[in-house]
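A.B. asks: Sequence:
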Amino acid sequence: MKLVNLFYSLLLYICIIDLISCTSLPTYTFNYIGLDEFNGDTLRLWRATSDRLKSDKDYGKDPVATIIIRNGKASFSGLIDTLHLYYIDGKDCSLYFYPELGEVTHRYMGDTEYSNSQSVAKQYEILRREGFPNQESQEFLFSNLRNAMGIHLLDHVGCYPNELDAIYEKSNLAMRDTVSLLLGLKQQLSDTKELDIGDMYIDFRQKGFKQDSVHFSNYFNKDKTVCLFFANGNCKSFGVKMKKNNENLQ
Numbered sequence: 008m009k010l011v012n013l014f015y016s017l018l019l020y021i022c023i024i025d026l027i028s029c030t031s032l033p034t035y036t037f038n039y040i041g042l043d044e045f046n047g048d049t050l051r052l053w054r055a056t057s058d059r060l061k062s063d064k065d066y067g068k069d070p071v072a073t074i075i076i077r078n079g080k081a082s083f084s085g086l087i088d089t090l091h092l093y094y095i096d097g098k099d100c101s102l103y104f105y106p107e108l109g110e111v112t113h114r115y116m117g118d119t120e121y122s123n124s125q126s127v128a129k130q131y132e133i134l135r136r137e138g139f140p141n142q143e144s145q146e147f148l149f150s151n152l153r154n155a156m157g158i159h160l161l162d163h164v165g166c167y168p169n170e171l172d173a174i175y176e177k178s179n180l181a182m183r184d185t186v187s188l189l190l191g192l193k194q195q196l197s198d199t200k201e202l203d204i205g206d207m208y209i210d211f212r213q214k215g216f217k218q219d220s221v222h223f224s225n226y227f228n229k230d231k232t233v234c235l236f237f238a239n240g241n242c243k244s245f246g247v248k249m250k251k252n253n254e255n256l257q
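Quick note, the sequence shown lines up with residues 8 to 257 if you use the numbering used here.
There's no promise every hint is true.
Have a look at the derived ranges for each label pair, beta carbon to beta carbon [to be verified]:
#, residue 1, residue 2, range
1, C166, S82, 36 to 46 Å
2, S197, E44, 48 to 58 Å
3, C166, D43, 42 to 52 Å
Here are the simulated lysine-lysine pairs, DSS-like style, with alpha carbons at most 27 Å apart [said to hold, decoys possible]:
#, residue 1, residue 2
4, K129, K177
5, K80, K98
6, K129, K98
Everything labelled a hint here was simulated from the structure, so no lab data went into it. Just so you know, even glycine gets a beta-carbon here, dropped at the ideal spot from N, CA and C.
Given these sequences and hints, build the entire structure.
C.D. replies: Have a look at this one:
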């Protein structure tokens, strides 16, 4: 009898601990309001962007949640998911949102309010409104390379070639081998090489400071990729001439 009581006491203790741990996990709440004209319509919530991760066994098979719009509003909530953007699919009222910690209230065709003062989505919204200013955008990008919002920005702003290695190395391991943007970056880094004086497979010849030239002797015969980056950004200040199999490429 004592063993039975001990067993049930232990089971009750485990259930209480499990309940406490579940309720303490970080969650998001997304309130979609101003939907009076869509009352009775169904909204479906999908995990989207960032492609299919290795952990996404059910990606794209079924919606995460389904809600009917009532009284002009609908609310979605769940555990935060920083590796994805979420997509609300509805007739003429679809939109994306980032399921981060806190409560978000978005009015249809209107503004968005964030309860989280450190909201990554809010920072992104401000940057987009200002036209992605270079310095602020770069700071945001490098601070958020491990989440879906940073990768989303990477597809919208330009980066210098000497930053690409750092971007790849700081990216999230869970996303690196599955997200198409990071896969493309990995391929680019493996297929190109920054030119350097005395490189073992490139003939480098300098004809003075005013008339510099680089000669790629037999380079094309090696079936490799040549990447040219013009740092001054003014292509009119110089000319590029290549010769391949006795054909001049201007």
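A.B. asks: Between the alpha carbons of K80 and K98, is the straight-line distance 27 Å or under?
C.D. replies: holds, 14 Å
A.B. asks: That 48 to 58 Å hint for S197 and E44 (C-beta), does it hold up?
C.D. replies: The hinted range 48 to 58 Å holds for S197 and E44, with Cβ atoms some 51 Å apart.
A.B. asks: Please work out if K129 and K98 have their alpha carbons no farther apart than 27 Å.
C.D. replies: Judged against 27 Å, a Cα distance of about 25 Å means the pair holds.
A.B. asks: Can the restraint linking K129 and K177 be considered satisfied, given a maximum Cα separation of 27 Å?
C.D. replies: Measuring from Cα to Cα gives roughly 22 Å; hence the hint holds.
A.B. asks: Taking the CB of C166 and the CB of D43, does the distance hold inside 42 to 52 Å?
C.D. replies: holds, 43 Å
A.B. asks: Taking 36 to 46 Å as the stated bounds, is the beta-carbon spacing between C166 and S82 within them?
C.D. replies: Given about 37 Å between the Cβ atoms, the range holds.
Violated hints for the displayed structure: none, as all numbered hints are satisfied.
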